[in-house]
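S.K.: Residue-level listing of the chains:
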Amino acid sequence: MSTDESPNEPLLATPLNALHREFGARMVPFAGYDMPVQYAQGILAEHLHTRAAAGLFDVSHMGQAFLSGPNARARFETLVPGDLVALAQDRIRYTQLLNARGGILDDLMATHWPADANGDERLFLIVNAARKAHDFAHIEALLPDLKLDVLDDRALLALQGPQGAEVLERLLPGVTTQPFMSMRRVTHAGVELYVSRSGYTGEDGFEISIPAAQADGFARALLADERVKPIGLGARDSLRLEAGLCLYGHDIDEDTTPAEADLLWSISKRRRAEGGFPGAPVLQAQIANGVSRKRVGLALEGKAPAREGAEIADSAGAIVGRVTSGGFAPSLGRPIAMGYVAAASAAPGSELNIIVRGKPLPARVVSMPFVPTRYYRGK
Amino acid sequence: MSQTRYTKDHEYIRVDGDIATVGITDYAQSQLGDVVFVELPQTGARVEQGEQAAVVESVKAASEVYAPASGEIIEVNPELEGAPALVNEDAAGKGWFLKMRISDASQLDALMDEEAYAAFVKSCC
Chain A
-7 MSTDESPNEP LLATPLNALH REFGARMVPF AGYDMPVQYA QGILAEHLHT
43 RAAAGLFDVS HMGQAFLSGP NARARFETLV PGDLVALAQD RIRYTQLLNA
93 RGGILDDLMA THWPADANGD ERLFLIVNAA RKAHDFAHIE ALLPDLKLDV
143 LDDRALLALQ GPQGAEVLER LLPGVTTQPF MSMRRVTHAG VELYVSRSGY
193 TGEDGFEISI PAAQADGFAR ALLADERVKP IGLGARDSLR LEAGLCLYGH
243 DIDEDTTPAE ADLLWSISKR RRAEGGFPGA PVLQAQIANG VSRKRVGLAL
293 EGKAPAREGA EIADSAGAIV GRVTSGGFAP SLGRPIAMGY VAAASAAPGS
343 ELNIIVRGKP LPARVVSMPF VPTRYYRGK
Chain B
6 MSQTRYTKDH EYIRVDGDIA TVGITDYAQS QLGDVVFVEL PQTGARVEQG
56 EQAAVVESVK AASEVYAPAS GEIIEVNPEL EGAPALVNED AAGKGWFLKM
106 RISDASQLDA LMDEEAYAAF VKSCC
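Chains as they are written, first to last, in the working numbering: chain A, -7 to 371; chain B, 6 to 130.
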């Protein structure tokens, strides 16, 4: 996600706009949408509630689309380094659209959807709100042989947290045992929902694509369960930071590669060897020779948070990097950050300083996630 | 008898003789959200009216707190280091930031009284 804003254009509203206001949300402009940053209980309480019970997030501003046509998966592999050919039907892959330098144009989720009536392959894509216009134009321009159907008429809800599965089971029987990073199509009250077991908090959870007209009612049905509270973008950001997940436009952008961003886990052995995606030679060289800088997690010693943009210095005082996301970690009760540092300073345990308002704050490189993830791994 | 004055940046200054207690208003804390850290000045430091005197960090962002009047910092709230949430719970009371010896009481004349500040918040926000 990105916070890029065009203040002169009228803000778009999601299908849950009235619900947000009714629940006491403070609304802010985000990626061109009027979005809730927090509700009455505040970011700290919302964050902790999501980790303890279940939080409902409106992520309808994100882009949803079907990409279909002959060999759609192999064709889409020419834009991203993720392995889509090996992706089983109804399974989800996290990958990135890359430029010729291996820089990240956006990160996204791709689901291998069942073939259409013509037998053509289909992918269901979810991309970042601030990048969706760019992404969809990019895909259409580079894959003119495929058909891109943008789903402007669907909302997207995320239900995250350890009690989310039990809550959702009451409305959508069967979700409890749905595998992590899988998709199910479920008919509910006469409409088709696309239910994925995935999220952006490090917790077990679901993302539910639903026709816009039914979104408000479905959200209210979830919120009627006392275990579920509405959660704003503020806690969404602190939750994903604790989980070590990247925020597009901050931790990753067109000038960072998946190798520098420590995202090589998302690229299979076959795709590393074969290439065939934009920037493949750059990425293959980085894999072979190492990177000059790398995204790392930083645990600060004191209480003062370090924010995006703060410089990072080594023990000798030389500037070795910059913070790309930082703040207070509600689940840990202390500040954490992520940022890029020179390879020589990137090993876990490296003692560094983050410069905040002219003062060096001691910080140590730590492996991420900062808070252990609790994804569903089956019974 | 003490009097309280308010700035357009939502600081309050409660003056008793030449000693003043400075903090942020209840409205300010409600806008910031959960306060997680307050950076306070050194005692003995001199600040000029309108200069940065402290920084308050919420979960979301850092905000500067400006000195409502010129003077010398004589005390900072020792409770805020361990319990920054006092700013949210009791901004006008236990969540105070610092005490200062003001050098020019006439600077207070340009600040708002309680009634004017209430009207300001209503109109601005």
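Hints are not guaranteed to be accurate.
As the list claims (entries may be wrong) - Some residues of chain B that are not near chain A, with every Cβ distance over 12 Å (derived):
1) Lys13
2) Val41
3) Phe42
4) Asn93
5) Lys104
What the hints assert, rightly or not - Listed below are several chain A residues computed to face chain B (Cβ distance under 10 Å; list not exhaustive):
6) Pro21
7) Leu36
8) Gly226
9) Arg285
10) Gly319
11) Lys351
Source of the hints: derived by calculation from the structure; they are not laboratory data. For each residue, glycine too, the CB sits at the ideal point set by N, CA and C.
S.K.: So, for every hint listed, does it hold in this structure?
M.R.: Here is what the structure says about each hint:
1. The claim that lysine 13 of chain B is not at the interface with chain A holds, since no C-beta of that chain comes within 12 Å of its own (minimum 21 Å).
2. A beta-carbon of chain A comes within 12 Å of the beta-carbon of valine 41 of chain B; the shortest separation is about 4 Å.
3. Phenylalanine 42 of chain B, annotated as away from the interface, has a beta carbon of chain A within 12 Å; the closest lies near 5 Å.
4. At roughly 8 Å from the closest C-beta of chain A, the C-beta of asparagine 93 of chain B falls inside 12 Å, breaking its exclusion from the interface.
5. No beta-carbon of chain A is positioned within 12 Å of the beta-carbon of lysine 104 of chain B; the least distance is around 22 Å.
6. This hint is violated: proline 21 of chain A has a C-beta 14 Å from the nearest C-beta of chain B, more than the 10 Å allowed.
7. With its C-beta approaching chain B no nearer than about 4 Å, leucine 36 of chain A sits inside the 10 Å limit, and its interface hint holds.
8. Taking 10 Å as the C-beta contact cut-off toward chain B, the hint placing glycine 226 of chain A at the interface holds, the least distance being around 5 Å.
9. Contact between arginine 285 of chain A and chain B, as hinted, is not supported at the beta carbon level, the nearest pair being about 25 Å apart and thus beyond 10 Å.
10. With a least beta-carbon distance of about 6 Å to chain B, the hint placing glycine 319 of chain A at the interface is held under the 10 Å criterion.
11. A cut of 10 Å between beta carbons decides the hint on lysine 351 of chain A: the least distance to chain B is about 9 Å, and the hint holds.
Hints 2, 3, 4, 6, 9, counting from the list given before, are not met by this structure.
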